[in-house]
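> Given the sequences, and given the hints that come with them, work out the whole structure.
Number of protein chains: 2
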Amino acid sequence: MAAAELTAHQLIAQHRPTLDQALETIRTRAYWSPHPEHPKAYGESGSLGMAEGKAAFDALLGTRLDLGQPGTDDWVGGEVSPYGIELGVTYPHADIDVLLPTMRAGQRAWRDAGAEMRAVVCLEILKRISDRTHEFAHAVMHTSGQAFMMAFQAGGPHAQDRGLEAVAYAYVEQVRTPDTAEWTKPQGKREPLALNKQFTPVPRGIALLIGCNTFPTWNGYPGLFASLATGNAVLVKPHPRAVLPLALTVQVAREVLAEAGFDPNLVALTAERPGEGIAKTLATRPEIRIIDYTGSTAFGDWLEANARQAEVYTEKAGVNTVIVESTDNYKGMLSNLAFSLSLYSGQMCTTPQNLLIPRDGIRTEEGPKSYDEVVADLAKSVGGLLGDDARANALLGAIVNPDVKARLEAASGLGEVALASREIRNPEFPDAVVRTPVIVKLDGAKPDAEAAYMSECFGPVSFAVAVDSAEEAVELLRRTIRDKGAMTVGAYTTSQEVEQTVQEACLEECAQLSLNLTGGVYVNQTAAFSDFHGSGGNPAANAALCDGAFVANRFRVVEVRRQA
Amino acid sequence: MAAAELTAHQLIAQHRPTLDQALETIRTRAYWSPHPEHPKAYGESGSLGMAEGKAAFDALLGTRLDLGQPGTDDWVGGEVSPYGIELGVTYPHADIDVLLPTMRAGQRAWRDAGAEMRAVVCLEILKRISDRTHEFAHAVMHTSGQAFMMAFQAGGPHAQDRGLEAVAYAYVEQVRTPDTAEWTKPQGKREPLALNKQFTPVPRGIALLIGCNTFPTWNGYPGLFASLATGNAVLVKPHPRAVLPLALTVQVAREVLAEAGFDPNLVALTAERPGEGIAKTLATRPEIRIIDYTGSTAFGDWLEANARQAEVYTEKAGVNTVIVESTDNYKGMLSNLAFSLSLYSGQMCTTPQNLLIPRDGIRTEEGPKSYDEVVADLAKSVGGLLGDDARANALLGAIVNPDVKARLEAASGLGEVALASREIRNPEFPDAVVRTPVIVKLDGAKPDAEAAYMSECFGPVSFAVAVDSAEEAVELLRRTIRDKGAMTVGAYTTSQEVEQTVQEACLEECAQLSLNLTGGVYVNQTAAFSDFHGSGGNPAANAALCDGAFVANRFRVVEVRRQA
Chain E
39 MAAAELTAHQ LIAQHRPTLD QALETIRTRA YWSPHPEHPK AYGESGSLGM
89 AEGKAAFDAL LGTRLDLGQP GTDDWVGGEV SPYGIELGVT YPHADIDVLL
139 PTMRAGQRAW RDAGAEMRAV VCLEILKRIS DRTHEFAHAV MHTSGQAFMM
189 AFQAGGPHAQ DRGLEAVAYA YVEQVRTPDT AEWTKPQGKR EPLALNKQFT
239 PVPRGIALLI GCNTFPTWNG YPGLFASLAT GNAVLVKPHP RAVLPLALTV
289 QVAREVLAEA GFDPNLVALT AERPGEGIAK TLATRPEIRI IDYTGSTAFG
339 DWLEANARQA EVYTEKAGVN TVIVESTDNY KGMLSNLAFS LSLYSGQMCT
389 TPQNLLIPRD GIRTEEGPKS YDEVVADLAK SVGGLLGDDA RANALLGAIV
439 NPDVKARLEA ASGLGEVALA SREIRNPEFP DAVVRTPVIV KLDGAKPDAE
489 AAYMSECFGP VSFAVAVDSA EEAVELLRRT IRDKGAMTVG AYTTSQEVEQ
539 TVQEACLEEC AQLSLNLTGG VYVNQTAAFS DFHGSGGNPA ANAALCDGAF
589 VANRFRVVEV RRQA
Chain W
39 MAAAELTAHQ LIAQHRPTLD QALETIRTRA YWSPHPEHPK AYGESGSLGM
89 AEGKAAFDAL LGTRLDLGQP GTDDWVGGEV SPYGIELGVT YPHADIDVLL
139 PTMRAGQRAW RDAGAEMRAV VCLEILKRIS DRTHEFAHAV MHTSGQAFMM
189 AFQAGGPHAQ DRGLEAVAYA YVEQVRTPDT AEWTKPQGKR EPLALNKQFT
239 PVPRGIALLI GCNTFPTWNG YPGLFASLAT GNAVLVKPHP RAVLPLALTV
289 QVAREVLAEA GFDPNLVALT AERPGEGIAK TLATRPEIRI IDYTGSTAFG
339 DWLEANARQA EVYTEKAGVN TVIVESTDNY KGMLSNLAFS LSLYSGQMCT
389 TPQNLLIPRD GIRTEEGPKS YDEVVADLAK SVGGLLGDDA RANALLGAIV
439 NPDVKARLEA ASGLGEVALA SREIRNPEFP DAVVRTPVIV KLDGAKPDAE
489 AAYMSECFGP VSFAVAVDSA EEAVELLRRT IRDKGAMTVG AYTTSQEVEQ
539 TVQEACLEEC AQLSLNLTGG VYVNQTAAFS DFHGSGGNPA ANAALCDGAF
589 VANRFRVVEV RRQA
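Protein chains in written order, with my numbering: chain E, 39 to 602; chain W, 39 to 602.
Calculated from the structure, these hints are not laboratory results. No residue lacks a Cβ here, since even glycine has one placed at the ideal position from N, Cα and C. A couple of the hints might just be wrong.
What the hints assert, rightly or not - Simulated crosslink set (DSS-like; lysine-lysine; CA at most 27 Å straight-line):
#1 W:Lys-227 <-> E:Lys-369
#2 E:Lys-418 <-> E:Lys-443
#3 W:Lys-227 <-> E:Lys-78
#4 E:Lys-227 <-> W:Lys-369
#5 W:Lys-407 <-> W:Lys-418
#6 E:Lys-223 <-> W:Lys-78
#7 W:Lys-223 <-> E:Lys-78
#8 W:Lys-92 <-> W:Lys-78
Claimed, not checked - Reference listing, derived: stretches of chain W covered by chain E, where coverage requires no fewer than 3 residues with Cβ under 8 Å from a Cβ of chain E:
#9 47-55
#10 58-67
#11 231-245
#12 280-294
#13 452-459
#14 539-547
#15 586-595
Given below as structure tokens:
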């Protein structure tokens, strides 16, 4: 192997301060990010500016993304942007029997490099991705259907934050045990027993990242970087509709690994043909010892049951609830909820679905509001937020796939429509499918309504569920979390007692709770280094981003002891 | 609930220094233990001395151990000591539908007590167990068949160390995230976004400990204390032949919990009738969210496949290997190996089974020794060690059950016997089944030999396997770890090259390695706070005692956030 262009010394000098700050922040959980959120912050010191990023993305269209991987038996691709354009990029399709052994070849050197070196190499990868944030933003936008600003932020700095957070957790977990120890046990009058001990974090094997359609980078980076930072090779199998952002990620990772003197095959991509379903084949290969997956409950459950040779981390479907019991900021509540329901057309795993509202109405600082008034006012608030087409496009993005569109269309048949979905024209991308959310009124007591609100209806659909009382709302919340899972729970209440009951329900059923949000923080958003994404303790996900449990079992520690 | 007799203040004042020392030691991995190993160290400051411990044990015989548990529908028992005496103790048999709900009742207060309070309550439980070490020693001896001194040390201070270690890991894992955080995100010229966040470690539910026959306390305490310290209730299902040590443990835990103002039902026992097999029923109950198990591979695999609602930690069978390639201390090597093979009649999960020896012999400081000489000298060394019946009894203990005896008897038919097993009379317990180990010579190249040495032959049986070369030995070691698992690996070599190869095999196949042990430390012994027991990365066990991964997923963190 050629001499490394990036030395450990350089990488540590450049990235150790960032790592240290990340380590500090996961302890304090205060606000911090090294990745600027504003598009204008890019374009200097080697990062691509707005126009350069767009040009870089445009230059990718219609090309073959040759990652230089061994075992490429074919080239596949066929992504069509939810905004209507065909990307025309082709990617390596792997001969797994060739690719997997080459991925193992570099693991020994990667293991021997140690936790700090692995961490700073990961940080260099993230730095170069950060420099290309504008390019990634277009890649995320045109695969997920997110609006540009959201693709930029959630697909760029926020995803990079989550990747860095995973590196920090992985690093600190590996250095809990020292590299060496001297152990001397007194034996009374006899000579003490003495041993020299060496402790080495070792990888489990090859990790498989199964990417998702809606947040390829944000949901992909934690697992990818947690596995890589703990010494594992990582095979990336993107969602067939969202290959480009992860392919670019693999490209950057391979480039940095090679420059730092490691085998670039430690990170590889395999794309698939439509309907090929290679995830099942990959997931049960004996070489694959870790799997990260975001997607349907059905396939997540399949992985947990069948990929028994691997540690499996899944984020699946859930039903997110907001209890609306009372508020001292009625307008703030409505506009906060309206934004949460509209953002990315409700296509976030954290978007509220069921709004539980007492059928006798709620107390507000403007006086009591009936159930019908609350729902009508919320519908008005959403309508107002999305009344201007330009703003609507900027907020909604596009419907990611035909399934979501079909669900949206079917939703209006489930009950009384409080707010009808509206088609919005996107002047820049006339083929984009853009729809405003639908709000459907349901009676919580009716069995046919329950069939609707107790299933995940992923997309811009929410249910205003009338309930008998706050107690019933909390009971329904508990049942929903326990049976269906939840990534988020929200509640609006001015009652200490109700707040306590909701909080206790979330503690016992294990769900993350946001209380009385009326400003610029939304229940569907979490911040790396501070907020946990999911709890790992209810059916929506078996892991949280990011905590000790997310990283601790991706490696093992081997001890070698010798007499001193 | 009555006012607590043990206040948080008292408990923290008394136990925080011990906890701090444990936290420090798991970082340095130097030698430390707060639990004295010498029997004479007990008998003052409230602990039972030798005679008192024996008297306490004798007083238990023939009694009903009433733990005051709700849902006791019957009393069961029938332990017969491997030393021949009938214990005659009966224990609660639970009506699970009554017991499990009562175990959940106390969880909220236990959760709200916080990580530090839970840790010091656990330390108080361990302190009281430590005070009764002499009593526990007899209980362990007369259920496991360990000799008294080993039952005293491994079943007493060493088990208590492992419990404390688990409490330390559990504590530090829970306090990685602060109780509260203030999060303020700048928004340029606008008001910053500000949130108050609360983080609460919450238990998964009820943990199930499935105890084993040979090391009821040593293998049981890590899981029990890790689960309890992370807020879970713990149901203990002991091995039907080794109920007493864990029943006494439950008794102490319930007593301390009650005195500290908590619900004693947070820890409960259920014994079973012979052949009842309640572990399967318990393990798949929805209330059971964590399982710790030590025992057969068949049932461990069953648990992993079927108890899908729970986190499952298993220690199963393995095949432990020692490579004998060369040494500069031939006598030291032989006597070290002889002790390792003899201790507790080879009934440790860490006892070496396969000794891989080049068929052309080995280099030693006494000159070359042929394969036959090495095996004969090892046989002589074992014979010498166990030549005196009193010493043999003190080292061997008793054969724990008829299965082990049957395997031992069958072993001599597997190849040429280098050392025949010998019956030893125990003058104090004439019904005890005491046998010296058998050493059988096998040719590593022969398929029928492979069938023998590639299976776990639990008990006082070891195989001297002739191999072609050091390279072949390492290759066989790799295959054994990969296919069968290993709790321990040993190697004797003076060659840097062979040492490197063995070490690399252990790093890649993930097994704990002891090199060139010739003194008073043995491959089958590990020390809490310093050595890992198992690696969690090969088929012998899916967890290591004790590390972050062993505790991190026993609880989850629930976040509640509010606008500041």
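> None of the hints should be skipped; say for each whether it holds.
Tested hints:
1. W:Lys-227 <-> E:Lys-369: Cα-Cα ~23 Å, so holds.
2. E:Lys-418 <-> E:Lys-443: With a Cα-Cα distance of about 22 Å, the restraint between Lys-418 of chain E and Lys-443 of chain E holds, given a limit of 27 Å.
3. W:Lys-227 <-> E:Lys-78: The given pair, whose Cα atoms are some 16 Å apart, holds under the 27 Å limit.
4. E:Lys-227 <-> W:Lys-369: holds (23 Å)
5. W:Lys-407 <-> W:Lys-418: Holds, at roughly 14 Å.
6. E:Lys-223 <-> W:Lys-78: Since the Cα atoms of Lys-223 of chain E and Lys-78 of chain W sit roughly 18 Å apart, the hinted pair holds (cutoff 27 Å).
7. W:Lys-223 <-> E:Lys-78: Given pair Lys-223 of chain W, Lys-78 of chain E holds - Cα atoms ~18 Å apart, limit 27 Å.
8. W:Lys-92 <-> W:Lys-78: Between Lys-92 of chain W and Lys-78 of chain W the Cα gap is close to 13 Å, so the pair holds against 27 Å.
9. 47-55: With 0 residues in contact (Cβ-Cβ under 8 Å with chain E), the coverage given for the segment 47-55 of chain W is violated.
10. 58-67: holds (count 4)
11. 231-245: n = 7 at 8 Å, threshold three: holds.
12. 280-294: Not satisfied, violated; 0 residues make the cut.
13. 452-459: Since 0 is below three, the answer is violated.
14. 539-547: As far as the segment 539-547 of chain W goes, the hint holds, because 5 residues have Cβ atoms under 8 Å from chain E.
15. 586-595: holds (count 6)
Violated hints, in rising order: 9, 12 and 13; the structure is consistent with all others.
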